[in-house]
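**Q** On the provided structure of chain A, position chain B as indicated by the hints.
Next come the chains, spelled out residue by residue.
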Amino acid sequence: MIELKNINKTFSIGKTQVEALKDVNIQVSKGEIFGVIGFSGAGKSTLLRMINLLEKPTSGEVKIDEKNLLTLNEKELRNVRKKIGIIFQQFNLLSSRNVFDNVAEILRMNHVPKNEIQRKVEELLLLVGLEDKANQYPANLSGGQKQRVGIARALAMDPEILLCDEATSALDPQTTDSILELLLDINKKLGLTIVLITHEMDVIKKTCDRVAVMENGEVIEQGTVLDVFSNPLEATTKIFLRNLYDDTITEDMVVRLGEAGHSYILRLAFRGDSALDPVLNVISSRFSVITNIVHGSITYLKGTPLGILLVHISGEDANLKQAISYLKEEVYHVDVRLELKKHYEEVLAQ
Amino acid sequence: MMERFDELLPLFTTSLYETILMVGISLVIATIIGVPLGVLLVITRAGHLAPNKWLFQILNTIVNIIRSLPFIILMLAIIPFTELIVGTSIGIRGAIVPLIVYIAPFIGRLVETALLEVDYGIIEAYRGMGASRIQIVSRIILREARSGILLCMTIALIGLIGATAMAGVIGAGGLGDLALRYGYQQWDLPVMFGTVIILIVLVQIIQSLGNYGAKKLKKTV
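Chain order of the listed sequences is A and B.
Counting from 1, position 200 in the first sequence corresponds to residue 199 in numbering that gives the first Met the number 0; the numbering is continuous, with no gaps.
Counting from 1, position 53 in the second sequence corresponds to residue 52 in numbering that gives the first Met the number 0; the numbering is continuous, with no gaps.
Think of the hints as simulated: they come from the structure by calculation, not from any bench.
Incorrect hints may have been included.
As the list claims (entries may be wrong) - Straight line, CA to CA, 30 angstroms or less: simulated DSSO-like cross-link-like pairs of lysine-lysine:
{"#": "1", "chain 1": "B", "residue 1": "Lys218", "chain 2": "A", "residue 2": "Lys113"}
{"#": "2", "chain 1": "A", "residue 1": "Lys21", "chain 2": "A", "residue 2": "Lys62"}
{"#": "3", "chain 1": "A", "residue 1": "Lys81", "chain 2": "B", "residue 2": "Lys218"}
{"#": "4", "chain 1": "A", "residue 1": "Lys74", "chain 2": "B", "residue 2": "Lys52"}
{"#": "5", "chain 1": "A", "residue 1": "Lys187", "chain 2": "A", "residue 2": "Lys81"}
{"#": "6", "chain 1": "A", "residue 1": "Lys55", "chain 2": "A", "residue 2": "Lys21"}
{"#": "7", "chain 1": "B", "residue 1": "Lys215", "chain 2": "A", "residue 2": "Lys119"}
{"#": "8", "chain 1": "A", "residue 1": "Lys119", "chain 2": "B", "residue 2": "Lys217"}
{"#": "9", "chain 1": "A", "residue 1": "Lys301", "chain 2": "A", "residue 2": "Lys82"}
{"#": "10", "chain 1": "A", "residue 1": "Lys4", "chain 2": "A", "residue 2": "Lys301"}
{"#": "11", "chain 1": "A", "residue 1": "Lys113", "chain 2": "B", "residue 2": "Lys215"}
{"#": "12", "chain 1": "B", "residue 1": "Lys218", "chain 2": "A", "residue 2": "Lys132"}
{"#": "13", "chain 1": "A", "residue 1": "Lys82", "chain 2": "A", "residue 2": "Lys55"}
{"#": "14", "chain 1": "A", "residue 1": "Lys21", "chain 2": "A", "residue 2": "Lys82"}
{"#": "15", "chain 1": "A", "residue 1": "Lys4", "chain 2": "A", "residue 2": "Lys66"}
{"#": "16", "chain 1": "A", "residue 1": "Lys81", "chain 2": "B", "residue 2": "Lys217"}
{"#": "17", "chain 1": "A", "residue 1": "Lys21", "chain 2": "B", "residue 2": "Lys52"}
{"#": "18", "chain 1": "A", "residue 1": "Lys74", "chain 2": "A", "residue 2": "Lys21"}
{"#": "19", "chain 1": "A", "residue 1": "Lys132", "chain 2": "B", "residue 2": "Lys214"}
{"#": "20", "chain 1": "A", "residue 1": "Lys187", "chain 2": "A", "residue 2": "Lys119"}
{"#": "21", "chain 1": "A", "residue 1": "Lys29", "chain 2": "A", "residue 2": "Lys4"}
{"#": "22", "chain 1": "A", "residue 1": "Lys82", "chain 2": "A", "residue 2": "Lys119"}
{"#": "23", "chain 1": "B", "residue 1": "Lys217", "chain 2": "A", "residue 2": "Lys132"}
{"#": "24", "chain 1": "B", "residue 1": "Lys52", "chain 2": "A", "residue 2": "Lys14"}
{"#": "25", "chain 1": "A", "residue 1": "Lys113", "chain 2": "A", "residue 2": "Lys188"}
{"#": "26", "chain 1": "A", "residue 1": "Lys62", "chain 2": "A", "residue 2": "Lys4"}
{"#": "27", "chain 1": "A", "residue 1": "Lys301", "chain 2": "A", "residue 2": "Lys327"}
{"#": "28", "chain 1": "A", "residue 1": "Lys113", "chain 2": "A", "residue 2": "Lys81"}
{"#": "29", "chain 1": "A", "residue 1": "Lys113", "chain 2": "A", "residue 2": "Lys82"}
{"#": "30", "chain 1": "A", "residue 1": "Lys74", "chain 2": "A", "residue 2": "Lys119"}
{"#": "31", "chain 1": "A", "residue 1": "Lys82", "chain 2": "A", "residue 2": "Lys187"}
{"#": "32", "chain 1": "A", "residue 1": "Lys132", "chain 2": "B", "residue 2": "Lys215"}
{"#": "33", "chain 1": "A", "residue 1": "Lys4", "chain 2": "A", "residue 2": "Lys237"}
{"#": "34", "chain 1": "A", "residue 1": "Lys82", "chain 2": "A", "residue 2": "Lys29"}
{"#": "35", "chain 1": "A", "residue 1": "Lys301", "chain 2": "A", "residue 2": "Lys237"}
{"#": "36", "chain 1": "A", "residue 1": "Lys119", "chain 2": "B", "residue 2": "Lys218"}
{"#": "37", "chain 1": "A", "residue 1": "Lys113", "chain 2": "B", "residue 2": "Lys217"}
{"#": "38", "chain 1": "A", "residue 1": "Lys81", "chain 2": "A", "residue 2": "Lys66"}
{"#": "39", "chain 1": "A", "residue 1": "Lys55", "chain 2": "B", "residue 2": "Lys52"}
Since we're looking at a predicted model, the values are computed, not measured.
Here chain B stands alone, though its shape is the one from the complex:
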């Protein structure tokens, strides 16, 4: 493997860069959609801050539908939609749209779970003191749940890396593409193992940072 180092290094760095690019862009946009989605899934339920049976049911159903599709199927199924939005269904741009559609509801669901951990008594306390709903969501619920949200984002990020690899199927580039082209189609084992090791290290780092951050934010010790 060592003698091919010079040949393989740029291959790995480019692929890693592409993966990080796809993951980064789709994570940011999916978070912008997913966090408010999670908030809505919490506050529209019965007896919460802004009960709205219809909105809750609609959002809940949409999330369930998207969540029941494996990424590889979702990606192929929404090709017309992807083309409509970014003009292409292949490459990095073509991958980002399905990645967002896939991961935003996941983030929404995870954030929902994290927010539900915030004791309703705390919300009631601030309602009772005359805080507005927006203040309660932004300054109380989201802040109290931030440790849990960070853990959710960690899980979502790792899920996203997995999905990104599958985007190799549509020629999206990145580590998945690399493993597919070299590892699978040419049976180039060093590249395959290299990809596996990079992914393991990447996920380990993300999970450790996430756990550390969540612990720091928890303020229980």
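With the rest of the complex left out, here is chain A:
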């Protein structure tokens, strides 16, 4: 549905050139919720604005439904934009108009008949739960309510795509959750394709199907949320995930466990609906290794539980290797985080 191909964007600030985006490639399928995460200045906002060409790439292609937007004239581009809603961190509502008019204005601009506007706006305000606020001005609304108006406005033209620019970053956690639920709801009800950018992993975890991680204008990692969350490859991704689960191995652990002799710390990622206990039992009995859970946490990814375990296993070297290869077949993702003996000696030597 959305395809960004080899996108580069260079801004000139005075005489210095800033590369905001470097060879970015992203594809978003219809009906999917795609998240882009990164620290501020990573280029996510510029990336999001490429999709409706609020920012034009220096080079590369922007395609929506196979149509290259860069080849369109002004009028054709405006017609494409009508099918792309957008919501913002700062809401960007019209302060001089009430809630009803905020949603209605874009319909009026498109010469929708008056009774049709009335019907459409009422329907949208009902959808976002603001049916009793139609006559209020934005100044009298809470942040969450303002964002609901923003969402209703973005949906007014029956878009196929919704772009969310840090839509929950100005909201408290509880309000954030209610807005995210609304986004999930409209994604399901209306089959809307959603692209959101955020700096909060929590937002990605609650809503997204796939995620791209950005750093310094580059997409450094992308994939399904389950894949990226269970096996983050890049340091930045790991930093973001630390807010959800902390699987760092502390020196204290190393000192405590290292005494057990030759052993490993394994990091197991598994879908929480597949029971893990039997697997650990199997390896202890079949390969006579001793297992010990050091850290465990479960995170829900859009309702699907993802378990992260740090397991300490010790025993004969040959048995350990067999046990690990067995686990690799049985469990969603396994990696050997630490060969403990070696590291233990290093720590002690310090």
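**A** Frame of chain A; chain B shown alone:
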């Protein structure tokens, strides 16, 4: 002063009428020039709706040049231009041209400031939803800035009244003319004070109405 009431009243009413006439006509025409000028000064700047470096620089320079001249000098300096346009450089007609030339760039600059107060995010929101530039200017920017624009017009109007008084120098009539002829040349204090009081009341009323209107339009409470 009271015994001269009958003598002075028609003098004041005529002068007030002339002032209002000059201010009214030049304000309307200057607004028709000044508001689009303000819009252009905003949308032609870099990164805005219709970036155009040259147009922005030209308009900006013209506004700066005119804005650096005090009205009394501007009025005298453009006499040939005034004669070209209205055929005379004196009287009410002769005053209206320099008043417009003086106040239109001022309105342009004030409107520019008011329009820049509109968060670019709002403009981006409507650009993103496929609104045209004309729609964004007329239905979003100007409307969002209307409270600020009203305050600007209030300031411009008061400035215009001040300039109109100076037009008394070229025999334009109005309160300035009255104060000049009676108050200054004949040292007729009652007329001088009468003019001062009328001006103070006039400006107070305009400023209060402007503030009230701007507050009403702001919709923040």
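**Q** All hints are to be evaluated individually against the structure, with a verdict given for each.
**A** Verification of the supplied hints:
Simply put, Lys218/B and Lys113/A have alpha-carbon atoms about 24 angstroms apart, close enough for the 30 angstroms limit, and the pair holds. Annotation: proposed proximity of Lys21/A to Lys62/A holds, straight-line Cα distance about 18 angstroms (limit 30 angstroms). Proposed proximity of Lys81/A and Lys218/B is supported: the alpha carbons are some 28 angstroms apart, at most 30 angstroms. Between Lys74/A and Lys52/B the alpha-carbon distance is near 24 angstroms, which keeps this suggested pair within the 30 angstroms criterion.
This hinted pair checks out: Lys187/A and Lys81/A have alpha carbons roughly 21 angstroms apart, not beyond 30 angstroms. Pair hint Lys55/A plus Lys21/A holds up; C-alpha atoms about 14 angstroms apart against a cutoff of 30 angstroms. The hinted pair formed by Lys215/B and Lys119/A meets the criterion: a straight-line CA distance of about 29 angstroms does not exceed 30 angstroms. Distance restraint check for Lys119/A and Lys217/B: the Cα-Cα separation of roughly 27 angstroms lies within the 30 angstroms cut-off, and the hinted pair is therefore satisfied.
For the given pair, Lys301/A sits about 26 angstroms from Lys82/A by alpha-carbon distance, which is consistent with the 30 angstroms threshold. Distance restraint check for Lys4/A and Lys301/A: the Cα-Cα separation of roughly 28 angstroms lies within the 30 angstroms cut-off, and the hinted pair is therefore satisfied. For a cut-off of 30 angstroms, the pair hint linking Lys113/A to Lys215/B stands: about 27 angstroms separates their Cα positions. For the hint pairing Lys218/B with Lys132/A, the CA-to-CA distance comes to about 15 angstroms; that is within 30 angstroms, so the pair holds.
Note on Lys82/A and Lys55/A: the hinted pairing holds, with a Cα-Cα distance of about 18 angstroms set against a maximum of 30 angstroms. Straight-line distance between C-alpha atoms of Lys21/A and Lys82/A comes to about 27 angstroms, which keeps the hinted pair within the 30 angstroms bound. Between Lys4/A and Lys66/A the alpha-carbon distance is near 12 angstroms, which keeps this suggested pair within the 30 angstroms criterion. At roughly 29 angstroms between alpha-carbon atoms, Lys81/A and Lys217/B fall within 30 angstroms of each other, so this suggested pair holds.
For the hint linking Lys21/A to Lys52/B, the alpha-carbon distance of about 28 angstroms falls within 30 angstroms, and the restraint holds. Between Lys74/A and Lys21/A the CA atoms are separated by roughly 29 angstroms; this keeps the pair inside 30 angstroms, and the hint holds. Distance hint between Lys132/A and Lys214/B is fulfilled; the C-alpha atoms sit about 22 angstroms from each other, no more than 30 angstroms. For the hint linking Lys187/A to Lys119/A, the alpha-carbon distance of about 19 angstroms falls within 30 angstroms, and the restraint holds.
A hinted pair counts as satisfied when its Cα atoms are at most 30 angstroms apart, and Lys29/A with Lys4/A qualifies at roughly 17 angstroms. For the hint pairing Lys82/A with Lys119/A, the CA-to-CA distance comes to about 16 angstroms; that is within 30 angstroms, so the pair holds. A C-alpha spacing of about 19 angstroms is found between Lys217/B and Lys132/A, which places the hinted pair at or below 30 angstroms, so the restraint holds. For the hint linking Lys52/B to Lys14/A, the alpha-carbon distance of about 17 angstroms falls within 30 angstroms, and the restraint holds.
Restraint check for Lys113/A and Lys188/A: the C-alpha separation of about 26 angstroms stays at or below 30 angstroms, so the hint holds. For the given pair, Lys62/A sits about 8 angstroms from Lys4/A by alpha-carbon distance, which is consistent with the 30 angstroms threshold. For the hint linking Lys301/A to Lys327/A, the alpha-carbon distance of about 25 angstroms falls within 30 angstroms, and the restraint holds. Straight-line distance between C-alpha atoms of Lys113/A and Lys81/A comes to about 19 angstroms, which keeps the hinted pair within the 30 angstroms bound.
Restraint check for Lys113/A and Lys82/A: the C-alpha separation of about 21 angstroms stays at or below 30 angstroms, so the hint holds. With a C-alpha separation of about 25 angstroms, the suggested pair Lys74/A and Lys119/A falls inside the 30 angstroms cut-off, and the hint holds. A distance of roughly 17 angstroms separates the Cα atoms of Lys82/A and Lys187/A; the hinted pair therefore holds under the 30 angstroms criterion. Of the supplied pair hints, the one linking Lys132/A and Lys215/B holds, its CA atoms being roughly 20 angstroms apart against a limit of 30 angstroms.
For the hint linking Lys4/A to Lys237/A, the alpha-carbon distance of about 26 angstroms falls within 30 angstroms, and the restraint holds. Of the supplied pair hints, the one linking Lys82/A and Lys29/A holds, its CA atoms being roughly 13 angstroms apart against a limit of 30 angstroms. With a C-alpha separation of about 19 angstroms, the suggested pairing of Lys301/A with Lys237/A holds against the 30 angstroms cut-off. Annotation: proposed proximity of Lys119/A to Lys218/B holds, straight-line Cα distance about 25 angstroms (limit 30 angstroms).
Of the pairs offered as hints, the one joining Lys113/A and Lys217/B holds, with about 26 angstroms between alpha carbons and a cut-off of 30 angstroms not exceeded. Note on Lys81/A and Lys66/A: the hinted pairing holds, with a Cα-Cα distance of about 15 angstroms set against a maximum of 30 angstroms. Between the alpha carbons of Lys55/A and Lys52/B the distance comes to roughly 19 angstroms, so the proposed pair stays at or under 30 angstroms and holds.
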